Amino acid sequence: MANINRHNYRTTLIDFSEGRLSEREADELLAFMEENHDLLDEYLSMSNVDMPILSQGKDVFTEKVRLKKVVFVGEEFDEFSWLCVARLEGDASNSELSELKRICEKPGELSTEAALFERVKLLPENISYPYKKSLKRFDIVGNQHLRWYYAAASVAAVLLIFTIPVWRDHQQQRVIASASAPIEQNLAIKLSSKSSSTEVHVDNRFASNRSQSGALKIRSTRANGLKMAEASQPNLERKAVVRSDIEVAELSPITPKVVINNPSLLATTPRVIKIRPIEVKSTPANYQTVGEFLAEKVSNAAGIDQKQVKKAVGKARAWEYAQASISGIARIFGFPVKVDKQYDAEGNLKKISIDTKLLAISKTL
Amino acid sequence: MDLYADNVYRFILKNIKDEDKAKDVVQDSFEKLWVKVGEVSFEKSKPYLFSIAYHTMIDLIRKEKRLVGMEAAPSEDMSHSEHYSDINELLHRAVQQLPEIQRNVILLRDYEGYSYEEIGEITGLNESQVKVYIYRARVFLKTYIGSLEMVI
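In order, the protein sequence lines correspond to chains A and B.
Read in order, the letters of the first sequence correspond to residues 1 to 365 in the working numbering.
Read in order, the letters of the second sequence correspond to residues 1001 to 1152 in the working numbering.
One chain only, chain B, in its complex shape (with noise of 0.2 Å):
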């Protein structure tokens, strides 16, 4: 448990970069385990925790949107006013300007080692969409760190 805690935590952090809103979401992802934790298997417990941590979480963003109205959306843009000095900082911070799909497959790829089947399985897509939306986000983060070495 305290591994998937962190990593389910992680997930989430790095989704909606708020700090109390993924602690609620991992809260009641797993109070939605125990509450199954008789019909999954130990094996597949972390998978169909990382998908309960999932909806929830889209659930939560859904929810927002809807209170947010018209707000406008966050710029995706590929301009770099800040400075960084880490491959890694840039990278996530490339992530963050990922479309919201290409984002949750590209974490549960990286962090999680989930194989297509697996992350398709959390997201609810098929294995080919799920390596289609790998495909764009490497591209697009290919793209963003070498635009960002260009101005370096």
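Excised from the complex, chain A in its bound form (with noise of 0.2 Å):
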């Protein structure tokens, strides 16, 4: 051992340690420790330490259930952390259960784990909706003002029902009464209510080859030795002559035509207006329309109250009431209406339409 030296020597020491030296070389580690005294001293405090004795089961991996893989749909996932989250979702087993707390019981890291994961439950926040009654459907029977509303729709609709049926009778009635074509001759009206069609009948007992003027007026006249009044008077009474059930007129070359509101209220026995062409002498003013004077004629023989006339126009203001609700009931509610309404010249209500999602009706009056 003659090349013992201090980069070298450690090895020699720990065999020596070891009792595996020969006496020869053991001599000769001695001698080297002599002469490296400060390497004597080192090898001396090492001698005076205890080695510990490693006892075995003690040192143990204790977070092995980490290592162990749970495989849920095709997924792996850490046991340990299945096992707190099945816990904390109430989906654990009683062996489950009693595993996960043996593993708890012991302190640690995975004690530490398991107490984070019993905080990760969410604890709701306290938010509210703030328009709730803007979500609720429309309930009519907590609501005493929506209860008016529903009850006016209610009496609109009921005029409704009873209106239409009303109007349409009413204006079945109805009769117009025209010639086919411009009269250029004596024309006999025959008017009839027992008849639906139109009652003109040109009577040709009546005919006459006398030319015809230009005159768009009928005049009040006497003939066949009637009783005529005086044309150039102004406001000349506008009345055909009567002489028992014929009436007489000249009137010009147009279409007449007039239209009776209510034929049931003529006489059952049929009259016949007979019109005849005249040359009108004075001014238009002071003669009727053909219309107008047939019109006359037949209200005064039928005793047509001009209150029947009025009714009728209340019958329209009676739509206009209607009207009127189903716009207000619409514009409560909230859905569209619309309506169109068309009048005549005279600013009469002609025609009325009424559009909702829950109603269409289109009325000509």
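The set of hints was computed from the structure by calculation and includes no laboratory data.
Heads up, a few of these hints could be off.
[Stated by the list, open to error] Think about it this way: if two alpha-carbon atoms lie no more than 16 Å apart in a straight line, the pair counts; the simulated EDC-like pairs of lysine to aspartate or glutamate are:
no. : chain 1 : residue 1 : chain 2 : residue 2
1   : B       : K1046     : B       : E1121
2   : B       : K1044     : B       : E1121
3   : A       : K132      : B       : D1028
4   : A       : K121      : B       : E1089
5   : A       : K121      : B       : D1020
6   : B       : K1023     : B       : E1039
7   : A       : K133      : B       : D1024
8   : B       : K1017     : B       : E1089
9   : A       : K121      : A       : D91
10  : A       : K132      : B       : D1110
11  : A       : K132      : B       : D1024
12  : A       : K133      : B       : E1031
13  : A       : K121      : B       : D1086
14  : A       : K132      : B       : D1006
15  : B       : K1017     : A       : E113
16  : B       : K1046     : B       : E1117
17  : B       : K1046     : B       : E1031
18  : A       : K132      : B       : E1031
19  : A       : K133      : B       : D1006
20  : A       : K121      : A       : E75
21  : A       : K132      : B       : D1020
22  : B       : K1046     : B       : E1118
23  : A       : K101      : A       : E113
24  : A       : K121      : B       : E1112
25  : B       : K1017     : B       : D1006
26  : A       : K363      : A       : D340
27  : A       : K101      : A       : E118
28  : B       : K1021     : B       : D1006
29  : B       : K1017     : B       : E1043
30  : B       : K1044     : B       : E1117
31  : A       : K133      : B       : D1028
In this text the structure is predicted, and so the values were computed from the model without any measurement.
Dock the two chains into a complex; use the hints.
Written out as structure tokens, the structure reads:
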């Protein structure tokens, strides 16, 4: 061992400590150590340390549960975390709970983590929706005002229901009497409530070969010996003179047309109005149109009260009310309503159309 | 209805973090519910309402994503520059970091107490998927608050 020096002495020293050197080698080592007192002191200080005896079984890896994997739906999960989540979700079995409890009883990182898992449950915040009323479906039961609106709507609906057939019936009674061609000769118009067809008959007995004037007005006159009013007088009574059941008037070559609002009120006995052309010699304002003349004749003959006509206006007014009600209700409930009204030249309501989501009505008055 | 409105509103608000849009979603959801009210039983009305709200919200989110286009998505890092004194506040912050589907299932689970099956009906997932998403969300939340506690 002549080669022992300060660089390789440790190997020899370890062999010496473990008893693997021969006597000669040991003497050489001791001689080297005698020469190097600092190394001898170091060796002696190390010799005083008692090396601990490692006991098997005490030093174990406590987090084996982390190494285990749970396979769920094709995915691998850490078994410990899986158990913690299962406990939090209430899905863990008794055996799993026991296992987790056993793990967590040991102080360490796992118990800390398990405690953290217990804290990841969200607590609801006090958040409320501010506009709940707007979410409610409209409910009439609990709202007094809305009850009234619904009542008004019902009245309007009833009004419509009853008005339509009444008006239609009234319309059906209208009879239009007209000539199919301009009158160029004397005509006799026969009015009757028994027929639904247009009652215009040309009576050739009154035919005349007289040429026509261009006047558009009919003038009350007297013919065939009847009393005749003076045409030149202002505010002349514009009625044809009646002789028994025959009325005679003079007219220009126009298409006579008359509308009889209520033919059921006409006399059952047919009346004949004879019309013949005349030459107008006075101002046209003093004359009636054929229509006016005939209408007046029929009204007088049938005894039609002017109130009957006003009722028709009332019907139109009822439609106006119904439209107003529907529009108001539509505004309340927020559904769109389209109202279209047409008036004649005199401002009378002639047609009304009400279109809503719920109801669409169109009526010609 | 009062209770459901709050629940739906809370669920949506926690998802999209915009009060006005959340209110719109609630309004739309109830309108759709009323349209179908004759076809839905009383017992099923709440899950049905949530389902409508969920899909309405998803539609809204997708629509907005389309509008935003290539705008950068919010980062999901776990840095904590803010200070929290309340664990619940911290958790809600963490919930916002969750992926959308995980956030939805965890909110439905914790806020509304829905079962896996009910959450599946609302979100269109099966029970296993719901369970997995909940697991992932829980682990994320645990890690999130754990890392913050280490910082504190």
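Against the structure, the hints come out as follows:
no.	hint	in the structure
1	B/K1046 / B/E1121	12 Å, holds
2	B/K1044 / B/E1121	11 Å, holds
3	A/K132 / B/D1028	13 Å, holds
4	A/K121 / B/E1089	12 Å, holds
5	A/K121 / B/D1020	27 Å, violated
6	B/K1023 / B/E1039	25 Å, violated
7	A/K133 / B/D1024	14 Å, holds
8	B/K1017 / B/E1089	14 Å, holds
9	A/K121 / A/D91	15 Å, holds
10	A/K132 / B/D1110	23 Å, violated
11	A/K132 / B/D1024	12 Å, holds
12	A/K133 / B/E1031	13 Å, holds
13	A/K121 / B/D1086	13 Å, holds
14	A/K132 / B/D1006	9 Å, holds
15	B/K1017 / A/E113	30 Å, violated
16	B/K1046 / B/E1117	14 Å, holds
17	B/K1046 / B/E1031	14 Å, holds
18	A/K132 / B/E1031	12 Å, holds
19	A/K133 / B/D1006	12 Å, holds
20	A/K121 / A/E75	23 Å, violated
21	A/K132 / B/D1020	14 Å, holds
22	B/K1046 / B/E1118	10 Å, holds
23	A/K101 / A/E113	13 Å, holds
24	A/K121 / B/E1112	12 Å, holds
25	B/K1017 / B/D1006	15 Å, holds
26	A/K363 / A/D340	10 Å, holds
27	A/K101 / A/E118	13 Å, holds
28	B/K1021 / B/D1006	15 Å, holds
29	B/K1017 / B/E1043	29 Å, violated
30	B/K1044 / B/E1117	13 Å, holds
31	A/K133 / B/D1028	14 Å, holds
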